[in-house]
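**Student:** Spelled out from the first residue to the last, the chains are:
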Amino acid sequence: MVWIYTEEIVNNNIIKILILSSVLTFGFAGDIQGKITFDGKAPKMKLLRMDADPVCVANNEVAPRKEWLILDENNGLKNVLVFVKESSTGSLAGDFNPTENPAVIDQNGCMYVPHVLGVMVGQKLDILNSDGTMHNIHALPKVNKEFNKAMPRSKKRMTVQFDKSEAPFKVKCDVHPWMGAFIGVFDHPYFAVTGDDGSYVISGLEPGVYVIEAWHEKLGSQTANVTVGDSAANFTFTKPKKPKKK
Amino acid sequence: MDSFKEIVNYISNPTILFTTVVLVFPFIFPPSDWFEKWHRRLGLHHLWGTKFIVIAMLGMVAFFMYGLGDYNFQKIVLKPDNVPISGLIFLVAFFTWLAMNQAYKNDERLNAGEKPNEYFEAPNDKVLVWPDLVYVELISLIIASAFLLVWSIGLPAPIEEPANPTESPNPAKAPWYFLGLQEMLVYFDPWMAGVVIPSLILVGLMAIPYIDRNPENSGFFSYNRRRLAISVFMFGWLVLWLMLIIVGTFLRGPNWNIFGPFEYWDIHKLEALTNINVSEIIYIKWLNKGLPDSIIIREIWGISILLGYFLILPPLLAKTFLKDMYARLGSVRYSVFIVLILIAITLPIKMYLRWMFNLKYIIAIPEYFFNF
Amino acid sequence: MAEQTKKSFLEKAAESQVWKSIFRGGGVPRNRRQRMMSVLNSVFLHLHPVRLPKHAVKLKFTWCMGGLSFFIFLILTISGILLMFYYRPTIEYAYTDIIDLAEQVPFGIMRELHRWGAHAMVITVWLHMFRVFMTGSYKPPREFNWTVGVILLLLTLMLSFTGYLLPWDQLAIWAITVGSNMARAAPFLGHEGPGASLLAIGDINFITMASDARFALIGGRFMGEAALLRFYVLHCIGLPFIIMIFMSIHFWRVRKDGGISTPV
Amino acid sequence: MADNQERHYNILKLNRAFAISSLVFFAVWILVFVYDFQRPWKKYQIEFRKLEIEKIRQDLYAESAALEKNSNYNQLVEELSAAEKKLTVRQNELDEIVQQLEILDAELYKNNQLYQFAKADLDVLKYEYEKSQFGHGGSENAGEEYGGLNIHVNKYYLDVQETESRIETVKSQERKIRKYIDEAKNSLTTLTRENSLLKRRLTKVDPEAMSFANKIGNIVRDLPVIDFIDPYYEVKQVVVKGLEEDLIYMGMPKVDRCMTCHVGIDKAGFEDAPQPYKTHPKLDFIVGPSSAHPLSEFGCTSCHAGRGRGTRFYTTAHSPNDQETAHRWEKELGWEPMHYWENPMLPKRYTEAGCYKCHSGNMPLKEAETLSLGLSVFEKAGCYACHQVDRWNDLPKPGPSLYHLASKTNKDWTYKWIFEPRSFRHNTWMPHFFKKGNNSDPEDLKRTEQEVLAMTEYLFSTATPYKTANVDYAGDQEKGRVLVNSLGCKGCHQIQPEPDSEYDPSVDAIRTEQGPNLISLGSKVNRQWLLGWLKNPYSYHPDTKMPNLRLSDQEAADIAAYLLADKNKTFDQLAVPSVNESIVDRISADFLSQLLRQDQVARRLEDMEISEKLNYAGEKLIGNYGCYSCHNIAGFEGKKPIGTSLNVEGSKLISKLDFAFWHDEIPHTKWDWFYAKVDKPETFDLIPNDDGTYAVKELPSLDKSRMPHYGLTDKEIDALVTLIMGLVKDEIPESKLPEKTPAYLAVTKGERFIHTNNCLGCHKIDGEGGAIWTATAAWLGEVAGSENSEDISLVQSFSPPLLNTEGRKVQPDWLLDWFQNVSMIRPHLQVRMPSYDFTHQEWNGVIDYFQSKDGLSLTYENPHSFSQASNSYLAGQKVQEEGACINCHFYGAMKPRQDALTWAPNLVLTKERLRPDWLIEWFNNPQSVMPGTKMPAPYIPVDEPINDVIEYWGTEVATFVGDTTAMLYTLVDWMWGLEGVEDVSAIVKAHIESQGYGFITEDEDEWEDEEW
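Residue numbers (my numbering), protein chains in the order written: chain A, 580 to 825; chain B, 24 to 395; chain C, 26 to 289; chain D, 499 to 1510.
No wet-lab data here; the hints were simulated from the structure.
Remember, it's a predicted structure, so these values are computed and weren't measured experimentally.
Be aware that one or more of the hints could be misleading.
[As the list claims (entries may be wrong)] Partial list, derived from the structure: chain A residues whose beta carbon lies under 8 Å from chain D:
1) M730
2) P731
3) S733
4) D753
5) V754
6) P756
Backbone N, C-alpha and C fix where the C-beta goes; we use that ideal spot for every residue, glycine too.
Given only the sequences and the hints, what does the whole structure look like? Please build it.
**Tutor:** Now the structure itself:
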């Protein structure tokens, strides 16, 4: 009898602890954060040749390089778009009103700043032209409507928005072929782009488990199941395998 | 069981089927004393006993049930318009038995010097129509109506492709009750099979009471005293009419070829067409020369045979085998009777001539559409 | 008198003038006289004599085939009239009307009843003839009625044959084509019959494809609208009219020739 | 006791028999009623009704929920109740009005009656009066009476009018009082319309939503017997006017009852319901009431075939899509094939066959992928060459000309090729005539070898020489490879050494097979021939579809060097048998004996040399196998093709298709027969055995099935069967066909021309075509690395241009000119528009197609007029300057500022080439015209404050602020004023040779490690 009784107590306690911990977990946490790193020897980014447009050359104090792989000293990978792909609890379903604040992409020194960017469906995207030259901004989405608009030097700001969520697509300038940026469109606000040190924070999430995707323009994408409030959700990218040349 | 199907398919060939039936027939329905004797010896009179009909019916049912397991059999037997013929087989078998059963019983009574079953002493033996007859009639009608309704629910009437006068189905068959006539087309030209023979059948049927006019032995089932009449009628009714209908319905397939009941109706099945005319046999085969140009000379042999058959045979018979009959009927009745019978017999004769000698026509005058 | 005062409604009705005027005698016949009167007084029942030899009421003897033939004829008449409401004898509609009977028309089962009834009638008529032959009932004095019977047999077949065309499907027209092609070979009257070429004066041939027996039968050189109409009219009016005349004679003669045949 | 003697039966027994039979009879009648009532379709309608109720309820629930959320609605409800309150206050007034109205109505009724009666009297008098005037007597004082009465009548009439106007006044008072409430109600009704619509629909089907009386009615209407009056569950049908079931002398009206069971077919919202309730796919396109093919107009069987009048699963002639479905149907639905209907329903995989009877003109048919593939395969495989089909009557032979065969290749290659083409080129369209199921036993092989030898002999002995210019440049293989990849060869040719295991046939995939797969040419062709052919294909074969690419001698030599380097060793080593005279004799004898007696044949053969025999047999065999149907062969000019005409093959009666011994193996349907015939044409020469093997029928060689093997995939065969099933003779009334306008005819004709000549191998029109893009990507990979080859927008810009809106875009005169004299337009392109030898008429057809497609029919247009002094021109100058068109476009000889990668057409060409209207459309949104184009929409300051514009853009531009079109026209004016060199090809060539394209490449060494 005694033996049985003890076991019951133990069981009850385990349940209590479980309930308590889950309440703690689900009640208070709201962020997913982490850091993206690159593993392996990084290539050196090549210098860009902008001779074709003197304005571009003039607008850059330092000779610009390609920027598809930017690492800090700790191998933190910049410009990775991290976003919630789906939710196991289903709490992502619902209408999110687009953020009032517009997203911004600037054409500065004949480069796009930022290089990778996430926006919400219906959110305004301001396209700035800080160069005194003619750019055209050519978005190549597959789901949304393609557009390609000229921005002469006089035109400093232009605003667009996207109607449907879409995986990251390229934006380029046909006049300056080296210019390229990537935009992902989401129907929710849970996305972030890694900063210089490769870290990101997605905040405001309801408690639960989510599928997180980290997308890089060349290194591909990775997904992970992440519980809100867990320790950091980190991803590591490596050099992509290339098919051998025929 | 496949071998059983093969055997059935094999004996379904009219040469075998018909020969067997023709040979067995007189022993079952003996027209004369001699046959009667063998009929008894072979125990064939047991055919009309109660046991036999039970066995026969069960056997036939078993055969149909077994057959329905076979795709080809099923396909032809369950064709909606063929269902009545399956019914007909059972009905005719049963009613033939019923008639013969009563006939034999009466024959026994007559032989024992008693009156037939149907005999009654008028007027004491009469019964009132109300209710005995009308009631029975009413019940029969109700049962018949119920039967027809059940049949109608169970079997949808056929409706095939819309009529297309340019595309004949293969085989194209007449309504089932005329399939005996269509079967005759194999052996006769249309004018015979389609016009002359049916007319003669009608004439022959109508002539029956004027030839067999002895009012004795009527009003009751009997066999012995009317055995020739019944034997001849049965041959016409069962063999030349119903059997040909059954053959035409169930056994005739594409290109009017014979197919066993378990055989696939292969449109490619071939039968060698090697039929020749009497004139060809005589002039080409025997005399080794070409056909004469003159139609009369060419067909003189066939015409002679036919004239011999119809003009010489009757008097000969009247003098010999049918002496009694001639005496009984008188010359006019005898002539009518014998001509009808002879024409009826031309059918089996032509069948055998075809099967044995590939004979096409005895007289062949296609120039005037006169082929016989 | 005193004991029976209360009468049921039905009994009262049976005593009313209206009832009595319609059903002479009235009530269920309970004695010999009433039984005789009920047969004598009924237009339908008086086809029969009042009394019959015993074997005539036995199914074993008559097989009831003659009666059934007549009864099926009645069923066919009724179901046929119902079918006539739906069926149009034109090559445009004949076939589709038949499909509609099967697919959509309420009590389209009338068509099944009509078709199977027709087949059944052919069989019952044959068996009737068979029975009559087997009992020797064709013999004098009934020889003429046997002849009438043969005509009735022929008419039955013709009714069935003409009806066979009406669905206007492949089964129908080819069965009728096969059947009516025989007419082409009728001696003298068919253009492919023996002797037809003799019916000519000079170069003028009287029996041609467009003037022979087959042409008369199907109203044209090919199976078409005319054939359908001719067969329809024959099937619905011509032949029923004729067969009814012969049936009347047949029934009349049964009585007049001494009723059902009996052993002497 | 006399009674008893006069009776036979025991009456009790009879009673019992009667009772039993009556009961049976009664039961049978019940059965008849049940049978008649329980129609098989009824259960589907009952089931669907449940689904429908469920759906409407859900919709209604959602709609009500939405309504409750709608603030507007709530406000209106409040307003309404306020208005109602107001009304109660004035209730007394209203009551009074109602009372007045009642009195007035009574008065009106009375007055009106008086008036009508008086008028009737008047009419009588009028007649009397007129008659008296005529002089036939009549009442003397009729005139007077008439006059008197007339006054009377008029008075009554006025009374009526007066009452009416009084009623009107009262009513308007009432309206005034009720005004608020009516207004509120009206706006509420508009808002709740959807809701009440749903409610009304629900009350019609859902017993729970019905009034009590309707509930009873709902039950009673479907009771047995009563249900013939107005049942809910009933046979539903569409009588398709104008379309008929095909009968021989008469069509019968088409009636489709399919929707009796497929109840939801035209109702949106049942897309996921199980069959038979499912909504038809693409309701906006087919079946939907506002679609191009509404159910009420076209029914079901006009496309799907089947027995539309049927109301049972079996009698409607459903056809299963596969064996598995067939078995399931047999088990669940008692299905069996319906043999008594010539056109049973097309199984799902062949459904598109139904499109062809009306849309035979198009190519490809939109929304009919399988059928389009069928058309494509039919044309590509050259089926039309042996099997005449009207659509392809004018096409040249599908195979190459063999008139000058000896100059092209050698006898050995030819022998081996004819004997087994796929041993040389794995995916060739040249079919296999030999080594088939019916000619593969050792004796047959021996004979067919000799047959091929004989045919080869004939081809070479009749071949005439082909004169080529004697060029002999040394070619560079590598350069040749780049040329083949970049010039556009791959729009029509593949170079695919190994079969592609994942090959998925499609119209687009077949476009790259327009010409042969260019492998192992070193084993096949003669170098001189190849050079001549490359330089000018028409000189070898005037009917060839291969165009002239205007190659220089050096280019031709490079390409030849590249192509000839590839050899097929295995094929080269195959042995060629020697001539066997006795077999050749036998072959010749087979043909000779068709004309001659046996002894004559023997004598003829004795007189012939072996070469004569070979030639004789060869010629006869070519005729026998029908080689000449596909190839030009000397001696066979003008011969009729050997195959059956397929014009109405789909309408062929199934009884005309011979299933031979395959009645158990091949289901008895037309499509299964066609499938077997196409898949394995000699099938019906074979006899199947139970173990899956087969024997061959006893057939003389010349009686064997000659139709060859094409090695088609299942998908291709299904596509061909779809097409064949679509080749029907149905007569479709004009009203049901697409309207045959000149534009429609031009478009369909053009579509076919464009397909036949494979324009879409290179170009893309409205998203269709562009098969060459993969080759462009390969070339980009070659010259600029894989990074660039993966960039689809770059691939697009280096591929032949999109031809969307070509009709609106270009000036027809210019286009015709340019077609005949191709010159450079897009300076960055390597790919070349070839020169075709089409006639004027053919080119005009193409132009007509472009224009008709774009809704134009112009042949001549006024030239665009402008003045260089105008504001517009000057403004245009400013806009182009700001827009920096020079970044990418040539201005005559002035090179673009950016690298060649970004280059775009010379703007000097524009005024002759493009249409101003189109330019405006283009400037407005280039991407909607040509998706993916690198041309940006030029920026124009049309919406900016005028002062800013004056300040920054100048006064000329400012004039056009607010008018987009006018502003864009300034650019047109400017371009029309632009003068300069038209042909910049030399500049381009020099630039690219010296500076390249300026691709942004990702060099491998950026990674700095070479490990992988």
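**Student:** Next step is simple, just say for each hint if it's right about the structure.
**Tutor:** Hints versus structure:
Of the supplied interface hints, the one on A/M730 holds, with its beta-carbon coming within about 6 Å of a beta-carbon of chain D, less than 8 Å. Of the supplied interface hints, the one on A/P731 holds, with its beta-carbon coming within about 4 Å of a beta-carbon of chain D, less than 8 Å. Using the Cβ-Cβ criterion of 8 Å, the hint placing A/S733 at the interface with chain D is satisfied: the shortest such distance is roughly 5 Å. Residue-level restraint check for A/D753 holds (minimum Cβ-Cβ distance to chain D is 4 Å; threshold 8 Å).
Interface hint at A/V754: satisfied, since its Cβ lies 5 Å from the closest Cβ of chain D, which is below the 8 Å cut-off. Interface restraint check for A/P756: the shortest CB-CB distance to chain D comes to about 5 Å, inside 8 Å, so the restraint holds.
Checked against the numbered hints listed earlier, the structure breaks none of them; every hint is satisfied.
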